[in-house]
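Input sequences plus hints: build the corresponding full structure.
Heads up, the sequence shown is in our numbering, so the first residue is 216 and it goes up one at a time.
These are computed hints drawn from the structure, not numbers from a lab. The beta-carbon is built from N, C-alpha and C at its ideal position, and this holds for glycine as well. Incorrect hints may appear among the rest.
To be verified - Ranges between beta-carbon positions, derived for each pair:
| id | residue 1 | residue 2 | range |
| --- | --- | --- | --- |
| 1 | Gly424 | Glu294 | 41 to 49 angstroms |
| 2 | Arg388 | Arg311 | 31 to 39 angstroms |
| 3 | Thr229 | Leu316 | 18 to 26 angstroms |
| 4 | Pro362 | Arg299 | 22 to 30 angstroms |
| 5 | Pro389 | Thr333 | 20 to 28 angstroms |
| 6 | Ala365 | Thr257 | 30 to 38 angstroms |
| 7 | Asp445 | Pro405 | 18 to 26 angstroms |
| 8 | Ala296 | Gly457 | 28 to 36 angstroms |
| 9 | Pro297 | Glu418 | 45 to 53 angstroms |
| 10 | Glu294 | Ala456 | 44 to 52 angstroms |
| 11 | Ala465 | Arg245 | 16 to 24 angstroms |
| 12 | Phe295 | Arg452 | 42 to 50 angstroms |
| 13 | Glu406 | Gly436 | 16 to 24 angstroms |
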Amino acid sequence: MDLIVAGAGPAYSTRPGSVGAAYLLIEGDRAILLDLGQGTFTNVAGAIEPSRLLAVVVSHLHPDHFIDLVPLRHYLRYEFAPPRRVLVVAPAGIDRRLDDLHAEPGFTAASLDIEDLTEGIHRIGPFAVEARRVTHTDDSYAFRVVPAVAPDRPGLVYSGDCGAADDLRPLVRPGDVLLVEASFGPGPMPETGIHLDGPAVGELATATGASRVLLTHILAGYDLAGYDRDATVQAVRAAYAGPVEAVSPADRFVV
216 MDLIVAGAGP AYSTRPGSVG AAYLLIEGDR AILLDLGQGT FTNVAGAIEP
266 SRLLAVVVSH LHPDHFIDLV PLRHYLRYEF APPRRVLVVA PAGIDRRLDD
316 LHAEPGFTAA SLDIEDLTEG IHRIGPFAVE ARRVTHTDDS YAFRVVPAVA
366 PDRPGLVYSG DCGAADDLRP LVRPGDVLLV EASFGPGPMP ETGIHLDGPA
416 VGELATATGA SRVLLTHILA GYDLAGYDRD ATVQAVRAAY AGPVEAVSPA
466 DRFVV
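The following block contains the structure:
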């Protein structure tokens with residue numbers, strides 16, 4: 216599988232070029248998208264014709280992980296005659312939130328086919344997507360994605376937003392690539408317990424035998440909320456001997 220980072224930022228950022236969460240996975244000529252946060256639609260459209268997406272799989276209902284479903288919806292509805300459609304697999308209620316945003320019942324259904332996300336394995340074209348609830352909101356998920364024809368080979372584990380590294384352990388197989396949030400940088404984590412930091416990610420990667428760590432969702436505001444990316448990478452490396460890097464939009468990887 217190929218991974219293209221369309222966005223890797225948190226809920227807000229003062230770092231130029233930072234946009235929300237969006238990760239494109241391509242197998243052959245088929246593609247799915249994990250999350251579609253603020254500002255990421257343009258990057259997705261630069262990598263793939265958006266109506267070709269088999270699905271957008273949303274980890275949880277915070278806007279920095281789904282709000283660019285709005286431009287996707289407009290694109291599908293107004294760019295083509297007849298309009299096209301894309302499947303959205305997301306926690307229950309995403310259609311109501313998008314409809315309420317525009318005060319328009321049926322806004323979402325005009326171009327997006329909504330399927331409620333549940334724990335377990337979802338077969339989407341050539342992809343097998345295993346979803347597991349994690350600590351964050353009341354209905355947040357992490358994912359493990361592999362080619363459906365080779366479910367035992369190493370794959371990609373994406374944390375979404377996750378406040379407990381142990382929640383991810385049942386998903387990870389030896390050799391998997393971890394695409395993991397490190398919101399609180401080199402740490403320490405505050406007592407809120409809804410995000411991770413570098414040391415927690417490094418310990419997880421070592422304990423599970425991950426082959427590589429890709430860090431995302433590092434807070435990047437003004438001084439009180441900003442974390443140094445290099446220091447975060449070093450905090451992971453202190454607990455994990457494998458390759459580690461912080462990802463940015465347009466980065467590409469082979470999983």
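Now for the hints, and whether the structure bears them out:
no.	hint	in the structure
1	Gly424 <-> Glu294: 41 to 49 angstroms	holds, 44 angstroms
2	Arg388 <-> Arg311: 31 to 39 angstroms	holds, 36 angstroms
3	Thr229 <-> Leu316: 18 to 26 angstroms	holds, 25 angstroms
4	Pro362 <-> Arg299: 22 to 30 angstroms	holds, 25 angstroms
5	Pro389 <-> Thr333: 20 to 28 angstroms	holds, 26 angstroms
6	Ala365 <-> Thr257: 30 to 38 angstroms	holds, 33 angstroms
7	Asp445 <-> Pro405: 18 to 26 angstroms	holds, 21 angstroms
8	Ala296 <-> Gly457: 28 to 36 angstroms	violated, 49 angstroms
9	Pro297 <-> Glu418: 45 to 53 angstroms	holds, 51 angstroms
10	Glu294 <-> Ala456: 44 to 52 angstroms	holds, 47 angstroms
11	Ala465 <-> Arg245: 16 to 24 angstroms	holds, 21 angstroms
12	Phe295 <-> Arg452: 42 to 50 angstroms	holds, 47 angstroms
13	Glu406 <-> Gly436: 16 to 24 angstroms	holds, 20 angstroms
The structure does not agree with numbered hint 8 stated previously, though it agrees with all others.
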